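K.L.:
For reference, the chains in residue letters:
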Amino acid sequence: MKDNILINEFKMQFPAISINESYCRKVFSSFVSLIDPTVSELADIRTAVSEAVTNCIVHAYKEKGGTVYISGKYYSDRTVKITIKDKGCGIPDIKKAIEPLYTTDTSGERGGMGFAIMQSFTDKLIIRSHLGKGTTITMIKKLQ
Amino acid sequence: MKTQITYSKSTLYVKLNGDIDHHSAKYIREEIDRELYKYQPDTMIMDLSNVDFMDSSGLGLILGRYTKINMFGGVLKVANPSERIEEMLVMAGTHKIIPIEKGVKLI
Numbered sequence: 001m002k003d004n005i006l007i008n009e010f011k012m013q014f015p016a017i018s019i020n021e022s023y024c025r026k027v028f029s030s031f032v033s034l035i036d037p038t039v040s041e042l043a044d045i046r047t048a049v050s051e052a053v054t055n056c057i058v059h060a061y062k063e064k065g066g067t068v069y070i071s072g073k074y075y076s077d078r079t080v081k082i083t084i085k086d087k088g089c090g091i092p093d094i095k096k097a098i099e100p101l102y103t104t105d106t107s108g109e110r111g112g113m114g115f116a117i118m119q120s121f122t123d124k125l126i127i128r129s130h131l132g133k134g135t136t137i138t139m140i141k142k143l144q
Numbered sequence: 001m002k003t004q005i006t007y008s009k010s011t012l013y014v015k016l017n018g019d020i021d022h023h024s025a026k027y028i029r030e031e032i033d034r035e036l037y038k039y040q041p042d043t044m045i046m047d048l049s050n051v052d053f054m055d056s057s058g059l060g061l062i063l064g065r066y067t068k069i070n071m072f073g074g075v076l077k078v079a080n081p082s083e084r085i086e087e088m089l090v091m092a093g094t095h096k097i098i099p100i101e102k103g104v105k106l107i
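Protein chains in written order, with the working numbering: chain Y, 1 to 144; chain A, 1 to 107.
The set of hints was computed from the structure by calculation and includes no laboratory data.
A couple of the hints might just be wrong.
Stated by the list, open to error - Think about it this way: if two alpha-carbon atoms lie no more than 35 Å apart in a straight line, the pair counts; the simulated DSBU-like pairs of lysine-lysine are:
1. A:Lys102 / A:Lys38
2. Y:Lys142 / A:Lys26
3. A:Lys15 / A:Lys102
4. A:Lys77 / A:Lys2
5. A:Lys2 / Y:Lys64
6. A:Lys15 / A:Lys26
7. Y:Lys142 / A:Lys96
8. A:Lys38 / Y:Lys124
9. A:Lys9 / Y:Lys26
10. A:Lys38 / Y:Lys96
11. A:Lys96 / A:Lys15
Since the structure is predicted, the reported quantities are computational estimates derived from the model, not experimental observations.
Sequences are here, hints too, so could you generate the full structure?
P.N.:
Below is the structure:
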């Protein structure tokens, strides 16, 4: 890893309201597009980012607003690191939360597939969460 | 772009457009449900051919409509998903209860 150089990095934050979900996808799309991802890799990243940001808005902040902190990095070996963080309620049981089809939502309008999609569309998913303090999602994807 | 909804021969055709995420799903859901309650169709077809992006909120939208039309005894089908969306439908297992049709055209 010692020859692996950080090429670019960004950090930003935005209010946790749903209209910003598409903006957040656009931010990551344009950041990653600088290293020419394939169409499929770009779609993987957009989808995974959308899942993580939606979780912040819907679950962490319960649609009552807050701040979402995002950052992106890419390295000379074409590894992309995506971090999405909130200071919301935290996840009581991570193991349960990542189970496909598991959802705490009772409206019948959510699929419970967020973490499964993040896992399947990236190479590595790291979840750090503290109850009452917030959650940090890190996703790593190596581009071709 | 707005969702296009047409009703003909006990079938509700719903052509979705653009991005389906948690934000847009809220509006799309209201648009579809208004027509769904009005017509209570035997069949509803959600055409995904014009959908550029969809995340798990789209899966939730589809599953939620499945539950609603089931209450009237109707059947839901999804049509013309992109490869990626089909992959997500299969991952979530919705294809076992909501058939995927290809080459379906809106009337």
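K.L.:
It remains to establish, for every hint, whether it holds in the given structure.
P.N.:
Hints and how they fare:
For the hint linking Lys102 (chain A) to Lys38 (chain A), the alpha-carbon distance of about 27 Å falls within 35 Å, and the restraint holds. Taking the CA atoms of Lys142 (chain Y) and Lys26 (chain A), the gap is near 33 Å; set against the 35 Å cutoff, the hint holds. With a C-alpha separation of about 14 Å, the suggested pairing of Lys15 (chain A) with Lys102 (chain A) holds against the 35 Å cut-off. Between the alpha carbons of Lys77 (chain A) and Lys2 (chain A) the distance comes to roughly 20 Å, so the proposed pair stays at or under 35 Å and holds.
Note on Lys2 (chain A) and Lys64 (chain Y): the hinted pairing holds, with a Cα-Cα distance of about 27 Å set against a maximum of 35 Å. With a C-alpha separation of about 16 Å, the suggested pairing of Lys15 (chain A) with Lys26 (chain A) holds against the 35 Å cut-off. For a cut-off of 35 Å, the pair hint linking Lys142 (chain Y) to Lys96 (chain A) stands: about 33 Å separates their Cα positions. Only pairs whose Cα atoms come within 35 Å are accepted, and Lys38 (chain A) paired with Lys124 (chain Y) is rejected, the gap being roughly 46 Å.
A distance of roughly 41 Å separates the Cα atoms of Lys9 (chain A) and Lys26 (chain Y); the hinted pair therefore is violated under the 35 Å criterion. For a cut-off of 35 Å, the pair hint linking Lys38 (chain A) to Lys96 (chain Y) is broken: about 38 Å separates their Cα positions. Of the supplied pair hints, the one linking Lys96 (chain A) and Lys15 (chain A) holds, its CA atoms being roughly 22 Å apart against a limit of 35 Å.
Checked against the numbered hints given earlier, the structure breaks hints 8, 9 and 10 and satisfies all the rest.
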